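> Read off the chains here:
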Amino acid sequence: MDFSAALPVADVVAFNRPAIDWHAASPELILLGFGALLTLVDVIFLDRAKQYTAALAGIGLLVTMVPILTLANDMSETGPRVMFDGAYVIDEFSLIMKAIFILSGYVVILLSTNYIAEGDYWESEYYGLMLSAILGMVVMASSRDLISIFVAFELLSIPSYMLATWKKRSLESNEAGLKYYLMGVFASAIMLYGMSLLFGASGETILTKVNASLSSDPLTGESLSSSTPVLTLAVIFVIVGFAFKVSAAPFHNWAPDTYSGAPIPVTAFLAVASKIAGFVALVQLVFVGFYARADVFQPLMWILAAASMIIGNLIALRQTDIVRLMAYSGVAQAGFILAPLAVAGDVGDQALASIVSYLAIYAAMNLGAFAVILAAARKTGSTSIESMNGLFSYAPGLAVAMTIFMFALAGIPPLGGWFAKFQIFFAVVEQGGTWAIILGVLLAVNSVIALYYYASVARRIWADQAPDGDLTPIRIPPSLGAALVLTVVATLVFGFLPGAVSQFTDVGLIAGG
Amino acid sequence: MNYDNDWFLSVLTFTPLVGALVMMLIPKADEAFHKAIALAVSGGLFLFGTFYLLTEFDFDNSGEMQFNFDTNWISVINSRYIVGIDGMALPLVLLTLLVVPLCVIYSWNHFPEPANPKAMLILILILETGMIGTFVAEDLILFFVFFEVVLLPMFFMIAVWGGPDRRYASLKFFLYTLFGSALMILAFLSLFFLAEDSAGNSLRTFDIQALTEWGGANLTRTAGLLIFGGMFMGFGIKVPMFPFHTWLPDAHTQAPTVGSVILAAVLLKLGTYGFIRIAIPILPQAAVVWAPWIGLLAVIGIIYGALGCLAQTDMKRLIAFSSVSHMGFVMLGIATLTTFGINAAVFGMVAHGLITGILFFVAGSVKDRYHTLEIKRLGGLLIQAPRMGWILGFATMASLGLPGLAGFWGEFPAILAAYNPANGVSETIFRTYMVIAAVGTVLAAGYLLWLLQRTAFGEPSEEFANDPEIVDANKFEYVAWAPMLVLIVVLGIFPNLIFKTSDAAVEKSLHPCLIAEGDDLAALDCPAVFDVEVAGG
Amino acid sequence: MVEIIVFAVCAAIVLVGAVGVIAARNPVHSALFLIQTLFGMAVLFISLEAHFLAAVQVVVYAGAIVILFLFVIMLLGVDQAEDLNIEPIVGQRFIAFIVGAATFVLMVATLAGSSDAITGQRQATGPLGDELTDNNNVRELAEALFTDYVFAFEATAILLTIAVVGAVVLAKRTSGEMLPVPQNTLEIREADYQARVDARAAELEANAAAAAEAGEDGSAEASSAAASDDDTADDEMADAEGGDA
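Chains as they are written, first to last, in the working numbering: chain A, 8 to 520; chain B, 10 to 546; chain C, 604 to 848.
Careful, some of the hints might be misleading.
With a straight-line Cα cutoff of 20 Å, these simulated EDC-like cross-link-like pairs (lysine to aspartate or glutamate) come out [as the list claims (entries may be wrong)]: (1) Lys216(A) - Asp751(C); (2) Lys175(A) - Glu99(A); (3) Lys775(C) - Glu179(A); (4) Lys775(C) - Glu182(A); (5) Lys517(B) - Glu122(B); (6) Lys181(B) - Asp471(A); (7) Lys775(C) - Asp127(A); (8) Lys775(C) - Asp54(A); (9) Lys186(A) - Asp54(A); (10) Lys186(A) - Glu690(C); (11) Lys517(B) - Asp216(B); (12) Lys386(A) - Glu125(A).
I should point out that these hints are in silico values taken from the structure, not numbers from a laboratory. None of these values were measured; they are calculated from a predicted model.
Given only the sequences and the hints, what does the whole structure look like? Please build it.
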């Protein structure tokens, strides 16, 4: 039979199928496949599937590492792979960030295994949502246009909202999820408004093209020495949207409540992976999309960085709950990571390298700290700072690990964090302007303030008595133990052999160069 | 010169760390084994290290860096793993090697509460790695890392084994030092970016020797002063200089005996060593401008520390304040920027390390017996524990600078050096300082004799008169103290053991414009900042 | 000219609707106002010759989403006015007003201060694609979606699936009691909230008394009754929570 008469085939314009590089897209596809498999397994085997879901999710993440490694291996030959007219790019930056997301996701899965199985939670959906959030992050690392960035942002946010409220029968968890959701949606709205202004001004969504149009006046085509009001507004709105995600002050209010209400593994996930994803987006926007408008983003980043450091640190000093402490310290850490962006216009390469190093090291030490909090909470059932008292007397291994993480976060050599902080100083001092030096001094002062609360935690662990003199040891399940070992080793290696990290994190991203 | 023994300093630095790692793997219950390992590692390292250094170190070339090792470390920032030792670092390394095993021996049978010898010994060994590493590091970043490595163990030592106020003291110690080092690292980074050779090429190096050769040549005056200021904060807090000294009395009073000894004997020297190894050689011009201020803070420290001593009621706190005063002499010597002054400072560091070390040891032993260090409750040590009383007397004599003992050679030349400071440094000002410092020695004699009189002489107070716990020094204490006592005498009689070693290195570290005279100076064509200022002129 | 008039009328409809959504006390009315806004937007799209967008606006937003809202409102039975006079956080509204006003002023100033064309260039001078041939608006959009933006498009598909999974999980009833909230937080919040509810009730009663004196008893009685209802409801909730804890 001939259907051509029924269908107006002749009128159909030839469809130009976009070229798709399947190798480049394979990490995403594998993650997606495992996500679907998890759901399928759950549907078919129902409750019998429960015991395998965590393992399956973990395996999924490890399998996803394979194409990332092969892509990295090919990188020297093929160079960056570009798809969809520049909207989707696989380069060194995106590969290293993907690897960080997947590895930190893996550690979160390890943390979750016993916590979720022993608690009263939906299990397979948990891992399914976790994988899809990680998928969003992996997509984010490659997205180089406004629309992909927005979709990736939602893809990683929406599962996070739900995961935050996963302790269904706890009011606090409900509050955590709802607060996170409302603030997240608010941030999306602001960001979207900024993006629409950008699109209006440039007519482009691809970041490199946006950058080109930001550098010249749209009407006359002359190159712009300073920004126009609309461009300024657009850039500010987009950045503010992501400032919510990375919990930079003054957009940090959701973080403490959400962190303390959500299940601890989810908190670790939000504080590490989700936050890093926000930074990845910011970095891509700043270095690829807005690079021509350094006069706009540099002062904004300066303010955000300074405010985050100061506010985060000062409020952290007064916390009595260790998760809230981590939340505020996370705000302060966000300030540190934003600091190089305040000088990015002048010392782009170094600023980028310092941020990437910081993110890698930050992931290891923060996840580790949450792993210890989780392990300690298995015994004490509490996350108040007092519950850490005397940890050394009954769980010396955990105590040493927590000490390592706390002082790594504080940036004391030779633990991992020092090199992260050092690189930030390096970038800021390299720029060398008056404002940069003031920022450098602020960074120095804030390192000291931060040390106060990190050291206080360490002191409680070592110098105080265990509450009620209860010295029964903590039983650490194997998956949690594995997470601890991974993070401790990473933190120490980053500290002793910073050269090993910096080799990977020395990547290029800057628009047109 | 090419040395084929480049492995030596790395072995020296990292052996204690390896020992600590081994101990971590051994269960806590096996205390004797832990002590044995710690003693074997630190003692063995002392014997081997001293022997090797004394035989292999080329004393005729003590100005040169020896046992050099230079390899790639963090390539992105061009920071290298460079270690080396010269005549300036050698006495301090030997001091460290000596003090650590003595501390292990001293604490053998009485670890302070909450005991746990394993943890404490591990911390001591990590400390040793940090201290030796700082003295041999020849790269700014490496130096910074080692400089910070000592913080954590000392923090825990005070926080866990300290006195009743340990929480406060440990945090204060940590925060002060970290604040200084945060500014210091900013200064290091600025050097990295601002250093340019005469052709205008950026050096971009952290190599201390390379930077010393560069000597701040192209820096603007403001930049130089600011960078020096950053380093000054880092090193000055560690020394500690007035007005940053307030962490020291607290830390010393609360720290366990061994912690106090290590803190006084070695950790404080990291700051002064930073001045003479890094700040002054790299930025001689800024140093000239800063020198009067450093000298001022040094003499304020001398007087303030001495007056502080007179106001103390606690023996350990008194010794801590005397440290502030003595480190003031060291800093005064350094502030003169002359070979003579800095040699005196190096000697002063070693002498102070030995003398204050022994004072803290004795104070710790007194505390063990009397369970208090309140001076007015003590007394009659010479009757109840005569040998210990005499040792205390000996140490106070050394501390107040009695000629013939080590303390004298730290103080006297420093005062003398102030008579004639380096080119460009005002003689008028420094001669004033000299007079004030001389007053300080009188005060020192005052408070130390006062201490001795109230604790050692007289009748024992009633509450302790028949206390069976008060016994004379035991064998562990003798073993721990004897080497220090002997050295105090030996160095007092043969000061040249150190002066001769350090002299060449000190001279090499100072910018020629600082120390040249007459025609030599004219030939050097020095910048205006080095113009000679004559007293009254 | 016609365009201007259409724009003015539609803009008025949109704005009135938008204000109505927020201002209406009854959620059903809010939803209906939302439909008004969306319809106004649809007409604006048509006047810009973006026919596909206009259709989507009506079908998806007005037709599907708002109707869903209405379902939820009706099913949950919250179709009555809420008492909005109690501020959960003191000063919240005032600060919100300041921030909102500041942002508004900033935006207006920015846009007004720009060059004559608000965003510069790229004003649409004609419809996307050519209306007269087959190569029209819809086709252009489709081609963009399935070529350059296919990745984002597919990712959106995943996103929607996830949202459905999440919605199901969240909506599914769990067995068992609410987990206890740490006692002190609960007490603080409860006491705080209770104090304000009490204050409000007292205020309303005082008003009612004043009104009664003035002789307008009808409306005053109703409001005081509503206030005391709230009060008892809160008490019950507090009791329940306290019991669990």
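> Please list, smallest to largest, the hint numbers that this structure does not respect.
2, 5, 9
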